[in-house]
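The numbering of the sequence shown is numbering that gives the first Met the number 0, which starts it at 0 and goes up by one.
Worth flagging that the hints you see were computed from the coordinates, not collected in a lab.
Honestly, I wouldn't trust all of these hints.
To be verified - For each label pair, taking beta carbons as the anchor points, the in silico distance ranges come out as: (1) 228 x 116: 31 to 41 Å; (2) 263 x 24: 55 to 65 Å; (3) 40 x 153: 56 to 66 Å; (4) 226 x 83: 18 to 28 Å; (5) 32 x 63: 21 to 31 Å; (6) 232 x 155: 11 to 21 Å; (7) 131 x 48: 28 to 38 Å; (8) 83 x 16: 12 to 22 Å; (9) 63 x 125: 16 to 26 Å; (10) 70 x 245: 20 to 30 Å; (11) 63 x 236: 22 to 32 Å; (12) 45 x 76: 35 to 45 Å; (13) 223 x 80: 15 to 25 Å; (14) 116 x 19: 17 to 27 Å.
What the hints assert, rightly or not - Pairs of lysine-lysine residues, derived as DSBU-like cross-links and limited to a Cα-Cα distance of at most 30 Å, are as follows: (15) 235 x 263; (16) 133 x 111; (17) 49 x 70; (18) 133 x 70; (19) 130 x 70; (20) 28 x 82; (21) 111 x 127; (22) 82 x 235; (23) 49 x 127; (24) 38 x 49; (25) 82 x 133; (26) 70 x 235; (27) 130 x 111; (28) 82 x 130; (29) 32 x 43; (30) 82 x 49; (31) 28 x 43; (32) 127 x 70; (33) 133 x 235; (34) 32 x 49; (35) 235 x 130; (36) 70 x 111; (37) 28 x 38; (38) 82 x 111; (39) 127 x 82; (40) 235 x 111.
Backbone N, C-alpha and C fix where the C-beta goes; we use that ideal spot for every residue, glycine too.
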Amino acid sequence: MAATRTDTEVYARDITEAYVQSRSCLERKIFLKPPSEMKLPDQKILLALKPLYGQPEAGQHWFFTYSEQHKRELEMQSSTTDKCVLYCASTSSPLLDVVILQVDDSYEIGNKEFLDQQNASTDQFRTKPRKFLKPGGSCLFNGYCIEQEEYGSVRMQQKKKGEPELIGDCSLHRRIIRELRQAHIPARFSRRTRDHNGNPNILSYGSKKSGRVTRGFMAPELLALVHGYDQSYIAKNMLEEMLQREMHIAAYIDSGTVFNSVAKHKSTSKTLLAVDMAALRE
Numbered sequence: 000m001a002a003t004r005t006d007t008e009v010y011a012r013d014i015t016e017a018y019v020q021s022r023s024c025l026e027r028k029i030f031l032k033p034p035s036e037m038k039l040p041d042q043k044i045l046l047a048l049k050p051l052y053g054q055p056e057a058g059q060h061w062f063f064t065y066s067e068q069h070k071r072e073l074e075m076q077s078s079t080t081d082k083c084v085l086y087c088a089s090t091s092s093p094l095l096d097v098v099i100l101q102v103d104d105s106y107e108i109g110n111k112e113f114l115d116q117q118n119a120s121t122d123q124f125r126t127k128p129r130k131f132l133k134p135g136g137s138c139l140f141n142g143y144c145i146e147q148e149e150y151g152s153v154r155m156q157q158k159k160k161g162e163p164e165l166i167g168d169c170s171l172h173r174r175i176i177r178e179l180r181q182a183h184i185p186a187r188f189s190r191r192t193r194d195h196n197g198n199p200n201i202l203s204y205g206s207k208k209s210g211r212v213t214r215g216f217m218a219p220e221l222l223a224l225v226h227g228y229d230q231s232y233i234a235k236n237m238l239e240e241m242l243q244r245e246m247h248i249a250a251y252i253d254s255g256t257v258f259n260s261v262a263k264h265k266s267t268s269k270t271l272l273a274v275d276m277a278a279l280r281e
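Between the sequences and the hints, there should be enough to build the whole structure, so can you do that?
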């Protein structure tokens with residue numbers, strides 16, 4: 000939405016060695032063996048005062064440092080839906096200044112005034128040059144390649160393409176078994192990966208929401224509809240906060256079976272799915 004405006008800039012930003020730039024101190028004592036390059040006596044040990052890479056809480060310290068810097072000096076606020084999304088509403092312009100945080104990367108939207116203010120506010124951090132998203136160009140963020148078309152639309156796709164599908168029954172068998180062994184959560188709910196003859200158990204759909212594997216045809220469509228509705232509802236609430244106006248969700252269903260399940264108040268044994276279906280009916 001902001002990429003189509005002429006008065007805003009869209010860019011990605013990478014912080015250099017972000018974790019060691021955190022300002023908050025560690026709340027627990029962590030002792031380190033000094034490296035040989037420091038040439039300290041063998042009986043000496045080091046006490047870590049600030050977060051370092053490899054510590055579980057290092058990411059939280061950096062998030063607090065960078066987000067509080069934007070809230071304090073740029074008067075931004077966190078979205079109630081996602082605390083990693085910061086925005087600054089303006090009375091003169093409907094979409095505004097948005098900063099999306101992802102570990103040591105950020106994806107930012109703002110006008111020239113916001114860009115200048117942010118430069119002055121975050122000049123103390125060591126950062127790489129910004130990568131601006133221009134018509135016909137692209138930038139990388141969180142493993143995705145974001146491209147802006149010449150006519151204003153924005154397209155997002157994964158940075159790396161998936162491996163081509165293997166052809167042949169034997170190759171398919173090996174690939175399915177390998178993926179089942181690597182996928183801990185779906186494989187946990189798969190009772191058997193092959194029968195007594197060694198034939199593979201081909202899986203048609205893996206549900207992230209219910210945490211189990213389904214083999215039916217109606218269940219995947221219904222679960223996919225609910226999953227899409229959940230994502231749309233989150234985006235709706237976030238945009239309503241930023242734009243300060245009410246928005247609506249339109250759900251289009253091309254399956255008569257799924258439509259009848261939602262419209263005719265058919266029950267389901269899954270509690271979470273039943274709640275989402277009730278919300279869809281409303």
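Comparing the hints with the structure gives:
1. 228 x 116: 31 to 41 Å: This hint holds: roughly 38 Å between Cβ atoms.
2. 263 x 24: 55 to 65 Å: 59 Å, holds
3. 40 x 153: 56 to 66 Å: 58 Å, holds
4. 226 x 83: 18 to 28 Å: 21 Å, holds
5. 32 x 63: 21 to 31 Å: Holds, at about 28 Å.
6. 232 x 155: 11 to 21 Å: Once the Cβ atoms are compared, 20 Å apart, the range 11 to 21 Å for residue 155 and residue 232 holds.
7. 131 x 48: 28 to 38 Å: For residue 48 against residue 131, whose Cβ atoms are near 37 Å apart, the range 28 to 38 Å holds.
8. 83 x 16: 12 to 22 Å: Since residue 83 and residue 16 have Cβ atoms about 20 Å apart, the given range 12 to 22 Å holds.
9. 63 x 125: 16 to 26 Å: 18 Å, holds
10. 70 x 245: 20 to 30 Å: 26 Å, holds
11. 63 x 236: 22 to 32 Å: 24 Å, holds
12. 45 x 76: 35 to 45 Å: 39 Å, holds
13. 223 x 80: 15 to 25 Å: 21 Å, holds
14. 116 x 19: 17 to 27 Å: 25 Å, holds
15. 235 x 263: Within the cut-off at roughly 26 Å; holds.
16. 133 x 111: Holds. Residue 133 to residue 111 sits at ~15 Å (cutoff 30 Å).
17. 49 x 70: 22 Å, holds
18. 133 x 70: The given pair, whose Cα atoms are some 27 Å apart, holds under the 30 Å limit.
19. 130 x 70: The given pair, whose Cα atoms are some 23 Å apart, holds under the 30 Å limit.
20. 28 x 82: 28 Å, holds
21. 111 x 127: With Cα atoms ~19 Å apart, residue 111 and residue 127 stay inside 30 Å; holds.
22. 82 x 235: The given pair, whose Cα atoms are some 16 Å apart, holds under the 30 Å limit.
23. 49 x 127: 22 Å, holds
24. 38 x 49: Status holds; Cα separation ~22 Å.
25. 82 x 133: This hinted pair holds, its Cα atoms lying about 27 Å apart.
26. 70 x 235: 23 Å, holds
27. 130 x 111: 15 Å, holds
28. 82 x 130: 24 Å, holds
29. 32 x 43: Distance of about 8 Å is within 30 Å: holds.
30. 82 x 49: With Cα atoms ~23 Å apart, residue 82 and residue 49 stay inside 30 Å; holds.
31. 28 x 43: Holds, at roughly 16 Å.
32. 127 x 70: Given that 30 Å is the threshold and the Cα spacing comes to 22 Å, the pair holds.
33. 133 x 235: Answer holds: residue 133 to residue 235 is near 26 Å, not above 30 Å.
34. 32 x 49: Roughly 16 Å between the alpha carbons, so the hint for residue 32 and residue 49 holds.
35. 235 x 130: With Cα atoms ~28 Å apart, residue 235 and residue 130 stay inside 30 Å; holds.
36. 70 x 111: Satisfied, since the Cα-Cα distance of roughly 19 Å is no more than 30 Å.
37. 28 x 38: 23 Å, holds
38. 82 x 111: Within the cut-off at roughly 25 Å; holds.
39. 127 x 82: 24 Å, holds
40. 235 x 111: OK: residue 235 and residue 111 at ~27 Å, within 30 Å.
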